[in-house]
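A.B. asks: For the protein sequence lines, the chains are A and B, in the order given.
The opening residue of the first sequence carries number 1182 in the numbering used here; numbering runs sequentially from there.
The opening residue of the second sequence carries number 484 in the numbering used here; numbering runs sequentially from there.
Just so you know, these hints were derived from the structure itself, not from any lab.
Given the structure is predicted, the values throughout are model-derived calculations rather than measurements.
There may be inaccurate statements among the hints.
[What the hints assert, rightly or not] List of simulated lysine-lysine pairs, PhoX-like, C-alpha gap at most 20 Å:
id	chain 1	residue 1	chain 2	residue 2
1	A	Lys1260	A	Lys1294
2	B	Lys510	A	Lys1260
3	B	Lys496	A	Lys1275
4	A	Lys1232	A	Lys1268
5	A	Lys1208	A	Lys1240
6	B	Lys530	A	Lys1193
7	B	Lys486	A	Lys1196
8	A	Lys1196	A	Lys1208
9	A	Lys1294	B	Lys527
10	A	Lys1260	B	Lys527
11	A	Lys1301	A	Lys1208
12	A	Lys1193	B	Lys521
13	A	Lys1268	B	Lys496
14	B	Lys488	A	Lys1301
15	B	Lys521	A	Lys1294
16	B	Lys510	A	Lys1193
17	A	Lys1307	A	Lys1196
18	B	Lys496	B	Lys510
19	A	Lys1260	B	Lys522
20	A	Lys1294	B	Lys530
21	A	Lys1196	B	Lys510
22	A	Lys1260	A	Lys1232
23	A	Lys1196	A	Lys1260
24	A	Lys1307	B	Lys521
25	B	Lys527	B	Lys496
26	A	Lys1301	B	Lys486
27	A	Lys1196	A	Lys1294
[Unchecked claim] Over the 12 Å line for every Cβ pair with chain B, so calculated as not near, a few chain A residues:
id	residue
28	Val1187
29	Gly1206
30	Ala1209
31	Ser1220
32	Gly1226
33	Arg1229
34	Thr1230
35	His1234
36	Ser1244
37	Arg1253
38	Thr1258
39	Tyr1266
40	Gly1279
Glycine included, every Cβ here is placed at the ideal spot set by N, Cα and C.
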Amino acid sequence: MSEYVVCETEFKDQKILIEALAEMGIKAENIEVYDNPQSLVGYHGDARTQKAHVIIRRKHIGSASNDIGFERTEAGTYKAWVSDYDKNTGVGRKIMQGELKHCYSKRVVLNSKIRGHRLKSVVDEKDGRCRIRIGVN
Amino acid sequence: MGKDKEIEIIIEKDGSVTIEGINFEGKGCHEAIDHYLKKLGVAKSQKRKADFYQGGKQSISDLDKIGG
């Protein structure tokens, strides 16, 4: 072994972010995508101060839920907006506990096409860990 | 003939990711890892083992670097 890096995953690719959300059970047709950020809506129907470019409306999450959104930052990464209520339930909890990052990261790696690199194995282990091996010429 | 060079990427259940170069010598490892790091996010920590320096002349003080 020569080097290893512990990486903090950032949502950079909108298409893969949406695919990862779909993998967690959010139907693609229920994910709204905007060029200009739109206000998130709270469970009272109130417009919240947070805005987002990728939005899952609360009707697709739960009756007491608020909208969940992902706002594209100036750096080009997507910041998740999840209300305190939703952090502890359903898809919001999955986002906060890292399940979305897991799905996203796996898709990013498997979609990476790098000259001289070839996928050797993908193993989903019982403890939830995914181990991907790539051969390098 | 050397062992096959590999990148191993481990994605934990909580979404944390470790990228490791295996059987590399020298700077090729860093370049191979960097492809995936750039696509995934940013480095929280980065460590180089002694065999990294077999192909170069870096100072021993560079042995462990913490980035991010």
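A.B. asks: So, for every hint listed, does it hold in this structure?
C.D. replies: Now the hints, each set against the structure:
1. A:Lys1260 <-> A:Lys1294: Not OK: A:Lys1260 and A:Lys1294 at ~26 Å, beyond 20 Å, violated.
2. B:Lys510 <-> A:Lys1260: 33 Å, violated
3. B:Lys496 <-> A:Lys1275: Between B:Lys496 and A:Lys1275 the Cα gap is close to 11 Å, so the pair holds against 20 Å.
4. A:Lys1232 <-> A:Lys1268: Distance ~17 Å between A:Lys1232 and A:Lys1268 Cα, so the pair holds.
5. A:Lys1208 <-> A:Lys1240: 12 Å, holds
6. B:Lys530 <-> A:Lys1193: Status violated; Cα separation ~24 Å.
7. B:Lys486 <-> A:Lys1196: Violated, at roughly 37 Å.
8. A:Lys1196 <-> A:Lys1208: 14 Å, holds
9. A:Lys1294 <-> B:Lys527: 24 Å, violated
10. A:Lys1260 <-> B:Lys527: 18 Å, holds
11. A:Lys1301 <-> A:Lys1208: Between A:Lys1301 and A:Lys1208 the Cα gap is close to 31 Å, so the pair fails against 20 Å, i.e. violated.
12. A:Lys1193 <-> B:Lys521: With Cα atoms ~10 Å apart, A:Lys1193 and B:Lys521 stay inside 20 Å; holds.
13. A:Lys1268 <-> B:Lys496: 17 Å, holds
14. B:Lys488 <-> A:Lys1301: The hint holds at about 11 Å.
15. B:Lys521 <-> A:Lys1294: Status holds; Cα separation ~13 Å.
16. B:Lys510 <-> A:Lys1193: 26 Å, violated
17. A:Lys1307 <-> A:Lys1196: 28 Å, violated
18. B:Lys496 <-> B:Lys510: Violated. B:Lys496 to B:Lys510 sits at ~30 Å, over the 20 Å cutoff.
19. A:Lys1260 <-> B:Lys522: Between A:Lys1260 and B:Lys522 the Cα gap is close to 16 Å, so the pair holds against 20 Å.
20. A:Lys1294 <-> B:Lys530: 25 Å, violated
21. A:Lys1196 <-> B:Lys510: Given pair A:Lys1196, B:Lys510 is violated - Cα atoms ~32 Å apart, limit 20 Å.
22. A:Lys1260 <-> A:Lys1232: Holds: A:Lys1260 and A:Lys1232 sit about 10 Å apart, inside 20 Å.
23. A:Lys1196 <-> A:Lys1260: 15 Å, holds
24. A:Lys1307 <-> B:Lys521: 28 Å, violated
25. B:Lys527 <-> B:Lys496: 17 Å, holds
26. A:Lys1301 <-> B:Lys486: 15 Å, holds
27. A:Lys1196 <-> A:Lys1294: With Cα atoms ~16 Å apart, A:Lys1196 and A:Lys1294 stay inside 20 Å; holds.
28. Val1187: Incorrect as stated: the minimum Cβ-Cβ distance to chain B is 5 Å, not above 12 Å.
29. Gly1206: Given a closest Cβ separation of 17 Å, the condition holds.
30. Ala1209: A:Ala1209 is indeed farther than 12 Å from all Cβ atoms of chain B, at 21 Å.
31. Ser1220: 27 Å, holds
32. Gly1226: 32 Å, holds
33. Arg1229: 25 Å, holds
34. Thr1230: 27 Å, holds
35. His1234: 18 Å, holds
36. Ser1244: Holds, since 28 Å exceeds 12 Å.
37. Arg1253: 15 Å, holds
38. Thr1258: About 8 Å separates A:Thr1258 from the closest Cβ of chain B, which leaves it inside 12 Å; violated.
39. Tyr1266: Non-interface label stands for A:Tyr1266: nearest chain B Cβ at 21 Å, farther than 12 Å.
40. Gly1279: 3 Å, violated
Checked against the numbered hints above, the structure breaks hints 1, 2, 6, 7, 9, 11, 16, 17, 18, 20, 21, 24, 28, 38 and 40 and satisfies the rest.
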